[in-house]
Structure formats: structure tokens, C-alpha cells
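Let chain A serve as the given structure and place chain B on it in line with the hints.
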Amino acid sequence: MSPTFFVSSSFAAVSQIAATVLLIKALALKNFAVGTASAKPEAILTAIIGSLFFCGALNLLGYVSVFLGVAGVPIASNWRVSWADLKPNKSIKFGVGAGLGFALASLWVRDASLSLEIDRVVSAATVLIFMVTLQTVLCLPRL
Amino acid sequence: MIFEYPQIAVIAKNLPASIFIGITSVLGSIGWFTAVSLRNAALVKTLGQTEILETIAITTFYFAEKISKRELAGIALIALSVWA
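Residue numbers (the numbering used here), protein chains in the order written: chain A, 1 to 143; chain B, 1 to 84.
No lab work stands behind these hints, which were simulated from the structure alone.
We put the beta carbon where it would ideally sit given N, CA and C, even for glycine.
Do not rely on the hints blindly, as some may be mistaken.
Now the stretches of chain B that chain A is said to cover, found in silico as 3 or more residues with beta-carbon under 8 angstroms [to be verified]:
hint	stretch
1	12-22
2	29-40
3	68-75
Distance windows between CB atoms, simulated [said to hold, decoys possible]:
hint	chain 1	residue 1	chain 2	residue 2	range
4	A	Leu-52	B	Ile-19	34 to 44 angstroms
5	A	Leu-138	B	Ala-76	18 to 28 angstroms
6	A	Leu-143	B	Val-26	46 to 56 angstroms
7	B	Thr-24	A	Lys-93	22 to 32 angstroms
8	B	Glu-54	A	Ile-129	19 to 29 angstroms
9	A	Ile-129	B	Lys-69	25 to 35 angstroms
10	B	Val-26	A	Ser-10	38 to 48 angstroms
11	B	Leu-27	A	Thr-133	31 to 41 angstroms
Examples of chain A residues toward chain B, derived with CB under 8 angstroms [as the list claims (entries may be wrong)]:
hint	residue
12	Pro-3
13	Thr-46
14	Gly-50
15	Leu-52
16	Leu-58
17	Val-66
18	Arg-110
19	Ala-124
Same shape as in the complex, but just chain B:
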């Protein structure tokens, strides 16, 4: 039986979190796969680095953490690369 695999049992125990991660992951994958189908993969990866900005935005607004000057400089470089 499939539930005899230890990892599957762990997933079954944490079903709500597993379903949430599963759905968000598949949405992310569909995004990546569609993007590399439409444009050069290296450009997609460069644009994909904005996930760092999104992570920083989430930690700032959701977890109320401060952004440093150094982080802002990095954000500017990534933004510049996307604009270029």
C-alpha cells in the first residue's frame, strides 16, 4: 500500500499544509514552464530573481521586518537588470 511509505504517512499527517504547498508549488511550476516556453530561458531566470524582492516584500509587510540600505542596493540592481 502507498501509505506504508514513511514519507507518504508524514504527508498524510500534515495534509492541510501539504495541500497548500502542493497547490502553490504547481502554480509556480506552471508559471516557470509557460515562461520558458515563451522566452529565452536565461531571461526568464533573470526575471525570476524578482522572487527575492517578493520574499523581502512579504517579510516586510507580513512579518514586519526592516529593509537595510544594502538590500535596497541589491533590489535596484535586480530591477535594473529586468528593465534592461
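In isolation and in its complexed conformation, chain A is listed as follows:
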């Protein structure tokens, strides 16, 4: 196991915890729909951050696909979000923060998994075991 495995999966574990905390904070607010809504474009964040910092660039069709998918979500899930909700507020900060955390987590998971040069299903499971164990240790004092 290379240092990349431990560094990437540790970062993924921590950013996943941070994202979950932010999402729960957004859910606890009065206009929680705005918070959960602003966490949803994480696919776009994943595409942008992935192509800038993780050498995971997409082709044009890939970007179109990601954008269309994100556009479909608010329509399919019946969101009622007004223009007033789009002014900078706590819900949006928590929501976008959560989306950013989940986007980074998935990119680091991919990094960690690819650093193990073994069968992909096994490497993914190895990353999962390491991350869940680390997250349990990190969260146990706060239970």
C-alpha cells in the first residue's frame, strides 16, 4: 500500500464526515429545502474539481451529461425554491459546503482505490473498510 492510499482515503473519510455534518446542519434550519437543494449540484463540482486537481477531465458530451442530470433533479423532486431563497444565506452555505465535501470525498476515494493496483472491486472494498474504520475511531468520542 502506497502513501497515496492512506493520504487519499484519510482525506476522503474526513471530508465525508464534514459534508455529512454540514448537510445535517442545513436540514436543521427552517428553510431546509434550500440547503438540501444547494448540495445537489455536487456532480458539477465533482466534474470541475476533478478536471482541475485530479486529472479527471471529461469530454464535452460528459460535461453536457453532468449538467443535464443536475438540471433534472430539481424538476423531478418538485422543489419550490423562490428567488428570495437564492440570496446568500446560511442554508446555501451549508448546502454548497456539503456538496463540496461529498465531491472531494468521491474524488479522493477514486484516487485511493486506483493507487492500489489490484482488482477494482477489491480495491474499492479495501478503501471502504479503511475509511469506515477511521470514521468510527474519529466519531466514537462524540457519540
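Just chain B now, with coordinates in the frame of chain A:
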């Protein structure tokens, strides 16, 4: 002792539900982790948005709720993005 943590005690009290959630969650995680190992993470997230379709399907067939035209339009966009 581990059972002195309040949250662990709550889990122990609701053991069947906790085990069910634990098993379904780990299956979901294995799916996500394997998928991002195989393909670009942004594409996996886009495909993962079909979970909304699955949720709508479950509420329709299991909880017998109606789907609106607006929801159908959204489903079409997500389906189009997956096809693209």
C-alpha cells in the same frame, strides 16, 4: 464499556432496524466505491442521481403515490443525461 455511549445504547434498543440500515448502507457504499474506481467520479454522480427515480418508483408502487407532469419532465432530463 462501549454500551455506555448514549448513541450505542439507542442502536442496541433498535437493533433490527439498525441492522437493516447497516446492511443496505454498506451495499450502497460498496456500489458507489466500486463505481468511482471504474469510471470518472462526476459521471458516477450523474448516474447516481437516478436514485431520485428509484425513490419515486418506490413511493409510487409501494406507497401508492401519484407522479406529476413536472416530476415526469425532471425524470426525462435525468434519463437524457444518463443516455448522453
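Violated hints, by number in ascending order, as checked against the structure: Hints 1, 5, 6, 9, 10, 11, 12 and 15 contradicted; others consistent.
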